[in-house]
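These are the residues of each chain, in order.
Protein chains: 2
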Amino acid sequence: MEKKDLKPLLAPKSIAVVGVSQGRSLGGRVIDNLTKLNFAGKIYPVNPKYEEIKRMRCYPSVTAIGETVDMVMIALARPHVLKVLKEAADTGARAAVIPSSGFGETGEPGKALENDIRSIAGEANMAVCGPNCYGFVNFHGRVAAFSGPLYEPLIPGRIGLVMQSGAITHSITDPFSHRSVGLSFLISSGNETVVSGSDYIEYMIDDEHTRVIATFVEGLRDVESFIRAAEHAREKEKPIVVVKVGRSQKAQKAALAHTGSLAGPDEIFEALFRQKGVIRVRDLDELIETTIALEKIKRNVGSRVGVVTISGGASGLISDLAEENRLQLADLSPETVRNLRQILPSFGTPSNPLDCTGSAAGDLGIFKGGIEHLSRDSNVDLVAVGLNSSCGTTEYDNRLYEGMANCAKEVWQKGSDKSFVIMTYTSNTFHPKICQMFRDTDIPVLQGLQKSVLALGHATRYSEFLRNRNTGTAERVSSKAYSGKEWNAKDGVLSEYDSKKILSSCGVDCIEEILAGSRDKSIEASEKLGYPVVLKVVSPDIPHKTEAQAIRINIGSKEEVMRAYDEILENATIFKPNAEIQGILVQKMAPKGIETILGVKNDPQIGPVLMFGLGGIFVELLGDFSLRIPPIVEREALSMVMNIKAAKLFEGIRGAKKADVGAIVRNLLNLSTFAVEHRDILSEVDINPFVVFEEGRGGSALDALITVKS
Amino acid sequence: MEKKDLKPLLAPKSIAVVGVSQGRSLGGRVIDNLTKLNFAGKIYPVNPKYEEIKRMRCYPSVTAIGETVDMVMIALARPHVLKVLKEAADTGARAAVIPSSGFGETGEPGKALENDIRSIAGEANMAVCGPNCYGFVNFHGRVAAFSGPLYEPLIPGRIGLVMQSGAITHSITDPFSHRSVGLSFLISSGNETVVSGSDYIEYMIDDEHTRVIATFVEGLRDVESFIRAAEHAREKEKPIVVVKVGRSQKAQKAALAHTGSLAGPDEIFEALFRQKGVIRVRDLDELIETTIALEKIKRNVGSRVGVVTISGGASGLISDLAEENRLQLADLSPETVRNLRQILPSFGTPSNPLDCTGSAAGDLGIFKGGIEHLSRDSNVDLVAVGLNSSCGTTEYDNRLYEGMANCAKEVWQKGSDKSFVIMTYTSNTFHPKICQMFRDTDIPVLQGLQKSVLALGHATRYSEFLRNRNTGTAERVSSKAYSGKEWNAKDGVLSEYDSKKILSSCGVDCIEEILAGSRDKSIEASEKLGYPVVLKVVSPDIPHKTEAQAIRINIGSKEEVMRAYDEILENATIFKPNAEIQGILVQKMAPKGIETILGVKNDPQIGPVLMFGLGGIFVELLGDFSLRIPPIVEREALSMVMNIKAAKLFEGIRGAKKADVGAIVRNLLNLSTFAVEHRDILSEVDINPFVVFEEGRGGSALDALITVKS
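The listed protein sequences derive, respectively, from chains A and B. With this note's numbering, the residue at position 201 of the first sequence is 187, and numbering never jumps. With this note's numbering, the residue at position 269 of the second sequence is 255, and numbering never jumps.
It is possible that part of the hints are untrue.
Identical chains share a label here; the pair holds if one copy fits it or two copies do between them.
With a cut-off of at most 20 Å between alpha-carbon atoms, the simulated DMTMM-like pairs for lysine to aspartate or glutamate come out as follows [as the list claims (entries may be wrong)]: (1) Lys69 / Glu109; (2) Lys644 / Glu606; (3) Lys(-11) / Asp56; (4) Lys631 / Glu253; (5) Lys644 / Glu533; (6) Lys404 / Asp317; (7) Lys531 / Asp689; (8) Lys631 / Asp610; (9) Lys(-1) / Glu194; (10) Lys631 / Glu310.
Just so you know, these hints were derived from the structure itself, not from any lab. Keep in mind the model is a prediction, meaning the values are calculated, not measured.
Build out the structure end to end from the sequences listed, making use of the hints.
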C-alpha cells in the first residue's frame, strides 16, 4: 500500500481560507493563527462579501484566486462544505481541512456526506483533514491551519500529537506550553474520513523534527495500517504513546466461544500494543509525562535507574513506586558505595534511592557529589534526581532548588553518557526560572512521583524493546497447507479427531490416538497404544463429551475397554439420539502434567490472535492468560508463557519437577505459523487441555477443536 | 490510656524562641513566621548575646523571662537542646518544639538523647514536637511555630496534615497554597520522640476546624494507638488519608511459617487501613486530590456518580478510568434520559458520562441543562463536571471555562442536595480567576482525570464505609478459655489431633475423627465413623504427613484399614526412627468440596491477623488471599471471603453447586474470637485445608496446626 502524500496538507506553500468574515469566525481565527506563527507562504482569504479582510485581498471564490493553492481550509457550515471541496479539487488543490462538524458523528445522513468527501478526495488525490476537527499546527513549518485557540509560547519541539477528539486536543496543548515543552505537530484529526491517524503517524515518523509521537484514539478503523505504522516507528526508533478509550466496553462484547470469551477486543489491543512497542498510557497526565521523558532520554538507555534525593521519605516513596510499577532500581557498585560513604554525613546510608539527607540542603556539595557518583557508576544507566517542585513563592526555595537544579545540570554537562531526569514530588510546575534553565538541556523535568515513575518505566522498557527487537529466532515448522475444502466441518466445527490430525500435521504435539470403528478395533488400538488408555466418542454432534458421559479415562484392561466402549455408545445415543457417530477414539492415557490452554481466535478487526493460559479455572476466574498477534518469534512465545501470573508453577513448586516450557514454546510457534497461514479459513482453534510434562518430556494436546469461518 | 494534652503545644498563649540571632537563623525564621501569621500571644526571643532582636526584647535565658511560657521553641544545635529543655521544664513550660536534627535518625548516640528527651518530658508532663522536624502551623490559631519556608497565601482551612518527613512537609504545602486550598494544621512531626503522629491525629479529630486529616508515615511505632485514633476518627466522620512507605520491603521480611509467608507486614497494614476506613493513597498527588475531594464532599454522599462533559473523548476516558478504579457511574433515570433528549443536539446521546457535545461550547445552556438534569436525578448522588483546565493564556478559554464553571456553580447554588466536583482533564491548575470563583463554594476542583477518579472513588467508598460501620452482627461463640498450660506443644507446635480438638471446642467445624492407639482400635473407629475413611499418623515429630507417606485416604474396608495402619506406622518409623507417635488418626473421608485455608498469625506489632484464601496454589502463586484484624463482624467475614479474586468459584462455576459461604463466615467469626481471646498464647493457627461443601452442607477442617508463642 502506498503512503498518502500529506505534504500539501501539512506543509503547504499556499493556503486558501474559505469563510473568513469581519466579525469573529472560524476562518478569521485560522488567519490569526497562521499570522501568529508567521506562516511564510501565501494566504488567500475567500469570502464573496469582502474585497479585503485583515489587510489581505479577499477573493470571492477559490476559483477566483486564479492560481492553484496547495491547501484549502473550508471554515464553513456543513451545507456548504461539499461544494467548496469540489471546487478546490477542480482548481487542482492537493489538500483540504474541514473543521465543520455535523458529519459521521451525527448519524447516517452525516456518514453519507463523508462518503461524498471520500470520493471527491479519492478522485482528486487530495489529502483531507477532518471533518469535525480543529485542523493542525506544524510548528517547525510555521503552519497553523488551526481553528481552535493556541497557547503561547508556541515552541517548535520534538513531540508530535495526533488527537481524534477536539476537546482533548484543546486540553493537551496548554500543559505543554505552560511547561515550555515544544511540539513538532499538533493534529486534531477528527472523523478521519480521508486521512487517518496512522497516516499522520507515518508522516511524523519520516519527519526529521519529530522524536516522539502521541495519540488519543477513540476508535482504530484500520488496524492493519496502524500495525504497519507501529513497525515503521520501531525501525526509526520513534516511540508511539497512545491513550485508547473503550477499555470498559469489553464486558459488553459478545463472547461466542471459549477462547473468544476470554479475550475481548481491548485485551487484544493491549497485547497488540505491547507486542509492537506501542506505549499505552491511562490518561492525559501520563501521556504528557511519558512523552516529555521520551523526548529527551537516550534511545539506548539501559533499564537500571539510580535515584538521588535529599529526603528519606521521598526515597522510600520512590522505592515503593518503582517496585509497583516495574521500574528497575540499580544495584550500586561497591566503588560507588565507598565513594558515597566519603561524602555523606556519618548517619547517611549509601543506597539506591540515595538519600543525601537534609544536610545536603545546607551543603549542596553533598547533593552534587551524590549525583556525580551515581552518574559514574557503570551499574547505573539513568540518573533521576528527585526534587520538590517549588512554585517559587519563597526566596528560600528559589535559591535552594535553583542550586539543586544547577548541580544536576552541571554534572550532566560534564559529558556524562547517562540519561538524566528531574522528577518532582508533586505535580505543580517549577518556577519559570528553573523551567527555563532546563529548557535547552537534555534533562526532562517530570512532575509528580507516581507519574514520573510510570514515565521512566515506559521509557526504559521502550529501550529494552528496541534492544530485543532483533533477537529471538523464528524457527518453526511451516504448516502443511490446507485450503479448508478437505476439512469435514459440521456447522463450522471440525471433530476432535480431525482437528488434532490437522494440528498434528502442522507441528502441534498431540496425544497418540487411533480412531476405532468397532469394539474389536478399540481393543486392538488399546493394545497397540499400550494401557492405560482413554476412550471417547467422536461425533460432530457431541462437542462436550463429559456432559454426555461419553468419555472414560484410565482404562487398564481389555475387559474395561469392552465395557467402556459399550457404555460410551449407549450414553452418546441417550444424550443425542440421532448423533452422527464417527467412531470411538482410543488415546494413550497421558502422564500427569500441568494443564494449559493454547488457542487462536481470528478477530474480524485484527486477524489471528494467539492465546495461552493455564487450564482449569485460572483463565476463566482470574483472567490469567496472555495474547500475541502471530507470527511470533521464540522470545515472544517464551514471554507469553512466562508473563501469566501463575508462571511460577512451571518452575516446579511444592517438590514438583520443572515443566517442559520449551515444549509449550515450540507448540505456540507452530500454532502461530498455522494460524497465519490459514487465517483465511480459520475462525478459532481451541487446544484444551494441552498437558505439559516434566522437563525433557514435552507436552501433548489431549483435546482440540478447530472452528472455521462461515 | 489518657490522651496527651497538646493544647500548650499547638495552641500556646506564649512562646519562647531560643536561638534567635541577628543574621539568618532557624529561630529568626520562626519569629518571622509567627509574625507573618499574626500570632496573638506573646513571643519571647531568647539569646544571651542580644538585648533586642527583631524589635522585641531579647532574654538571656528561658528562666530570665520571669514568667511561665506555654511553649519553648528550641532552635539550637543538638548539643544545647537537652539543657534548654530541662530549663524549660523547670520553669513550668508545658510544651516544646525541637527542630534540630542529629538524634535517633543518626544512630545509637542520638537514640540515647531521645531517651533523655522522653524522660524530661515525661517527668514534666510536656508535649514535645520533634526532634528533626520543622515544627508546625496552626492556621486558625495563627501559630506558625515553624522553621521552614511558608508559602503564601496562608489560608485557614479544613485539612490537617501530619508529616513525618521534613522534605515531604515542604513539598506538600506549596500545591495547596498554589491552589488556594486552606489548611487547619501543618505538622512536621519528625522523630516523634514524645508526641506521636497518632497523638496529633487525635487532637485534630477533636478540632472543630479540621474535616480531613492526611498523614505521611515512614514507620508506625505504636499501632494500637493508631488503631484507636482511626476508630475515633470514624466516630467523628473525619477521614484519615495516609501515604505509608515501605511497601516494597515486604519481600525482605522473614517468612517463618506458611500463613506468615503470605502476609508480610505491608499486607497487614493494607488490611488494617481498609478495615478501619483509613484511606491509603500511593503518592503525594493522590493525597492532595483525595483530601481536596474529602474536604468538600458531603459525608453522606452515595456512591452513584453522574459525569457531565462536552467531549466524547473525555467521556470515554472517564468511563474507562471509573471502571478500572471502582468508581460507580449512575444509571440515569428514564425521566432524566427523556429530559436530556430535549436539550441535546439530535446526534447527542443521553448517557453517563454525559457528552453534551461540542455544541455546548457555543451554547452553554446545553451544558448547564445537562448538569441540572443530572443533579435532579434521584439515581445520581454526586455530580462531577469534567472540564479542560485552562491556564488562561487565551481569552477564548477564559470566557468559555469561566462560563462553564459558572454553570456548575449556579446549579449547585440552587440548593441541590447533591455533592458537586469539578474534575479537569490534565493536572495543570486553573486560571486564578476560576480558582477564586470556586474557593468559597463547596465545589472542589480536582486536577487530572486519573487522580480525580481515584479521589472520588476514595470519597464515595469512605461514605459507604460510614454507612456500613454499624451494620453486621458480631454473633459468634465465645471461645472455651484456654491458658495454654494444658496444651501439649512440642517445640511450640501442637499435634494435628490436639489442634483440632481445641479449635473444635471453640466453634471451628472439624472433620469427625477418632485417635486410635492400635490396629483394632483403628478398625473400630473406622466402623464407627463409617467408610470411606482416612488414616494418618499423629506425631509432633512429623508435621508433614504426606512427605513421610504416613497418610492413606479413601479407605473402604476393614482389610484396607489393617494394611494402611501397618504401612503408615512403618513409613513413619522409616521417615523418623525416633518419632514420638501418639497414635493413628481415623477420619471420616470428607465429601468433595472447595479447599480453602483459614489462618491466624499473631503479628508482634499488630496482634492477631486473620487470613482467608483458597487452598492449592492460589495463595502461594497468585497472592490471592484476604486479611482482617479480629475481632470482625459478619459483614467483614463475608467480605473477606468474597474479596478474594477467585471468589466466583463459590457461586458454582461449570455446573458445580453453590458453596456454603455461610459456613466459612461462621468459622471465620469463631476463629476470630478464638484468636482474640488467646492472643497472649497463640503464635499461629493454620487450618489447611478447610473444605467447603455445597450450600447447606457446611464445611470441615481436615487438617489444622496451632503454634504457640515461645
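task = First find the shortest C-alpha distance between Lys531 and Asp689 inside one copy, then the shortest across copies, and answer within, between, both or neither for a cut-off of 20 Å.
result = within (11 Å within a copy, 36 Å between copies)
ask   = Should Lys631 paired with Glu310 be assigned to within, between, both, or neither, using CA atoms and 20 Å as the limit?
value = both (15 Å within a copy, 19 Å between copies)
ask   = At most 20 Å between C-alpha atoms: does Lys631 with Asp610 qualify within a copy, between copies, both, or neither?
value = So Lys631 and Asp610 pass the 20 Å test inside a copy (6 Å) and across (11 Å) alike.
query = Under a CA distance limit of 20 Å, which applies to Lys404 and Asp317: within one copy, between copies, both, or neither?
reply = Close inside one copy (16 Å), not across copies (52 Å); limit 20 Å.
task = Check Lys644 against Glu533 for me: Cα-Cα at most 20 Å, and say if that holds within a copy, between copies, both or neither.
result = Between copies only: 19 Å across chains, 33 Å inside a chain, cut-off 20 Å.
ask   = How would you label the pair Lys(-11), Asp56 (within, between, both, or neither) given a Cα cut-off of 20 Å?
value = within (18 Å within a copy, 79 Å between copies)
request  = Give the relationship of Lys631 and Glu253 under a CA distance limit of 20 Å: within one copy only, between copies only, both, or neither.
outcome  = both (15 Å within a copy, 19 Å between copies)
key: Homo-oligomer pair classification [Glu109, Lys69; C-alpha up to 20 Å]   = within (15 Å within a copy, 92 Å between copies)
task = Tell me, please, which holds for Lys(-1) and Glu194 at an alpha-carbon limit of 20 Å: within, between, both or neither?
result = within (19 Å within a copy, 67 Å between copies)
inquiry  = At most 20 Å between alpha carbons: which applies to Lys644 and Glu606, within, between, both or neither?
reply    = Intra 25 Å, inter 17 Å, cutoff 20 Å: inter-copy only.
Violated hints: none; the structure is consistent with every hint.
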